[in-house]
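With chain A held as given, fit chains B and C onto it using these hints.
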Amino acid sequence: MSEINRRNFLKKGGALFAAGALPVSMIDVAMGGTGEDDFTFAYISDSHITHIKGNKFVNNWDHGLKRAVAETNLMDPKPDFVFYGGDIAQLGKPEEIDHGLEILSGLHGKTHYVMGEHDYYVDLGDYWKKQLGPDYYSFDHKGVHFVVLNSILTHEAWMHKKWDSGMDRMLQMARLDNPEGSPFMVGDAQREWLSKDLEKISKETPVIVFSHSPLQKIYKGWNFWTDDAEEVQALLKPFNKVTVLYGHVHQIQYNQIGNISFHAVMATAWPWPYPSSYSQVESHMPKLTIPMNRADPFFERDATGWQFMNVHTGNVDIEYLLPNNQNRKVSFDEKSGHPIDETFQAVANQITPQKHY
Amino acid sequence: MKSIAFNPKALAKLVVVTGVAFSGGVFADNFSDEDVQRWQAEYESVLKEGEKIFHGGLKNANTVSCDQCHPNGTNIHPETYPKFQQQLGKVAPMWEMINWCIINPLESDALPADDPRMTALQVYITHERRGVELIPGKH
Amino acid sequence: MLQRSCAVILLVGLTGSLQAAPLGLPPVPIPADNPQTPEKIELGDRLFHDARFSADGKVSCATCHDAEKGFTDNLPVSKGFNDLTGTRNAPTVWNSAYMTSMFWDGREPDLEGQSMQPPINPVEGGLENHDLILEVIKSDAQYTGAFNTVFNIAADKISMDHVAKAIASFERTQVSGDSPFDHYLYGQDAAAMTESQIRGHVVFVGQGRCVSCHTIEQTQAIFTDNRFHNIGVGFKRIQGKESETAAEFLVSKRAGADVDITVLTQANMSELGRFAVTENPTEVGAFKTPSLRNIDLTAPYMHDGSLETLADVVDFYNNGGRVKETDPFSGFISGGIRKLNLDDQQKADLVEFLKALTSPVAVVKNKQAALTTGTKEIK
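Just so you know, the sequences run in chain order A, B and C. 1 is the number of the first residue of the first sequence in the working numbering; add one for each residue after it. 1 is the number of the first residue of the second sequence in the working numbering; add one for each residue after it. 1 is the number of the first residue of the third sequence in the working numbering; add one for each residue after it.
Bound conformation, chain A alone:
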């Protein structure tokens, strides 16, 4: 059953245009007839809408988000819902959150939101929560348990220090390479909530966790980091199929730690270098990852994009829709038990633009 799904997904256009491709009855056959366990959703992240003044915003980031919305709306059949992975705004200003939500309102269908640090630190999430509700929650959908965490909190002392202004605190967190930064974490309260939340579901239930920070420890200098990653992973360990989807890093990453598959998503705004490009310090990129192509700064949409997730038999396959690059597909491989890139995983298939240095 999942093998048929994979072949269908791999075809030109794949699951993106299944309905446009076949009469309805043939879809049932292609999906193996059950249809129940299989569904798709779109994932857009990291738009970093930046307010300049008045009603002027940075064009580049606006266009990135508009592009993702336009392309997502092409999907046929429509994905079950859209997830937004965090950092709507650049500095958490109401103007930025409003402008971003206005663009996202163009999406057809329901959208779920994840908190990003750029949304949070100017007012500790006050405005975001007013517009969008709780910053951590869970729900079930077609047999899959969805969990959303706010994983960009940090030490209480740092958050509640005597700052000159909320914007001052925000600017500290906004600077990626800030030597005076503070590490991200999920924190005790949420881990306790998560533990209780997971008690309600069976070990066979697939779990998909949404987080802005990686729930791994990749590079602390740029906060590609979650301080209590091990504790969170321990809570997820008992379950058969767990997938963690995160934003924040603005690049392709994927990893497998025990039973948990990890996938980073692209930003709609701009790409970030891989931490290994910083020659002065060590970092820990997941070895599995075949990097995205190096960006050409002339094309504002280069190395940016959005994602289309195909959930089948509890595993997640991702297609990265990249406006200026060859699209990428990273699928869960049953045989090896971890994600692989459909085209580029083998060393012999890798291409020069994927070589970063």
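In short, the hints are calculated from the structure, not lab data. Just so you know, not all the hints are guaranteed correct.
Among chain C residues calculated to face chain B with C-beta under 10 Å, some are [said to hold, decoys possible]:
{"id": "1", "residue": "134"}
{"id": "2", "residue": "136"}
{"id": "3", "residue": "191"}
{"id": "4", "residue": "204"}
{"id": "5", "residue": "209"}
{"id": "6", "residue": "212"}
{"id": "7", "residue": "215"}
{"id": "8", "residue": "216"}
{"id": "9", "residue": "217"}
{"id": "10", "residue": "218"}
{"id": "11", "residue": "221"}
{"id": "12", "residue": "224"}
{"id": "13", "residue": "225"}
{"id": "14", "residue": "338"}
Keep in mind the model is a prediction, meaning the values are calculated, not measured. Just so you know, even glycine gets a beta-carbon here, dropped at the ideal spot from N, CA and C.
Just chains B and C, lined up with the frame of chain A:
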């Protein structure tokens, strides 16, 4: 008219009086460890300035800053310049590409090559890439 | 007889070794399975100009790709069989040898593949299939003789593959460098361009942001990156209806409709651009970057011929990929397109620079050129 005769005592006094400025002697090729330390500090003052400019100090209208795409100056690769730069259509040194970024993503005005801010930016960028082998021309 | 052999010698003389390139161009890529010979080129030339290869006997390649009109037809969209119009502007044959795909949407990989499509398109050649073409050839002794000389085959073995190879060979000789721009940048002749053109060159590689798609490199310039971009032309036709248009297109494609016919006969489908070929949602409305050499001779401009003059084109780009500054942006517009904030002087200079890309060999072939280019005479 008194002629300026060679006066060893006067010369010795001259050397003593100007001892601080010309420590090590009056020969150009004799610079001291103190000189080197002082010049290093001069360099580091510009490095500090460069870090500031790189992180929002250009004060361009659209607020986009270099570090947003290049944290710690990564993905700039000063060790590969001069090289063929697609966006300029020719082989170019690093400062021309820095200007390309200032004009395009930062939507601001180019800096003259010898502007102190351009120098400061190059100092910061190169410093963050110190120790990496030169590979001019590498894409 | 004498005239033709003179023409052949002249051709060889012009193209030197048949592979060397004029000033400002790289060597012409020649595929291993279709080497150039003078006879093949001459055969291709004849086939290119033969109007018998159409349903009404009036349409040849040269109908839409007229050497005297910059190898285009100077129409917004081309007119073929029975004066039927298509949806797209005829690209020039000049320097098509340097393209890595053919047609505005790149649906054919090479010149050999390209020439086979128009004869069997209902609004171009109007033929059902290629049979008539082969019949005409096989019943023409001059053709069968030539095919025999070129390919060493008997008349009954002549196929469309041979026809396509000969036409491609001819097209590969239509390369044009040696323009005032080439002499200025690569010939170190500071006086080769006017002051305005020189200022225009600065805009082209600077504020105008042209050079990243219309490439100029250190030792040569083909003025195309061979990629596909949505720059916002004609997109209004399907703005707000992209989803339905894409879905409708895919349903018809799956049912067996020919992409070539669909995009040339249906204006809304044509706007899908590269998406029609790759089905990649990130390529909706994307079209191939044409070369700018001889651009002054190939008006009107863009895939739908909607921009009449070079000044219109410059305005379009200056507005950020819009005809009027008040038009909305397409959601699918390329990240390379943005408002340029050029002033009137810069815009005028840029237009002048584009005129400096006209090559003497193209001028010789183009009767209209002398009136419009104002190009500096190169001896």
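Here's how the hints hold up against the structure:
1. 134: 45 Å, violated
2. 136: Nearest chain B Cβ about 47 Å off; hint violated.
3. 191: 21 Å, violated
4. 204: 9 Å, holds
5. 209: 7 Å, holds
6. 212: 6 Å, holds
7. 215: Hint on residue 215 of chain C: holds, closest Cβ of chain B at ~7 Å, below 10 Å.
8. 216: 4 Å, holds
9. 217: 6 Å, holds
10. 218: 5 Å, holds
11. 221: It holds, given that the least Cβ distance between residue 221 of chain C and chain B is near 8 Å, below 10 Å.
12. 224: This hint is violated: residue 224 of chain C lies away from chain B, its Cβ roughly 13 Å from the closest one there, beyond 10 Å.
13. 225: This interface hint holds because 9 Å falls under the 10 Å limit.
14. 338: This interface hint holds because 9 Å falls under the 10 Å limit.
In this structure, the hints that do not hold are numbers 1, 2, 3, 12, in rising order.
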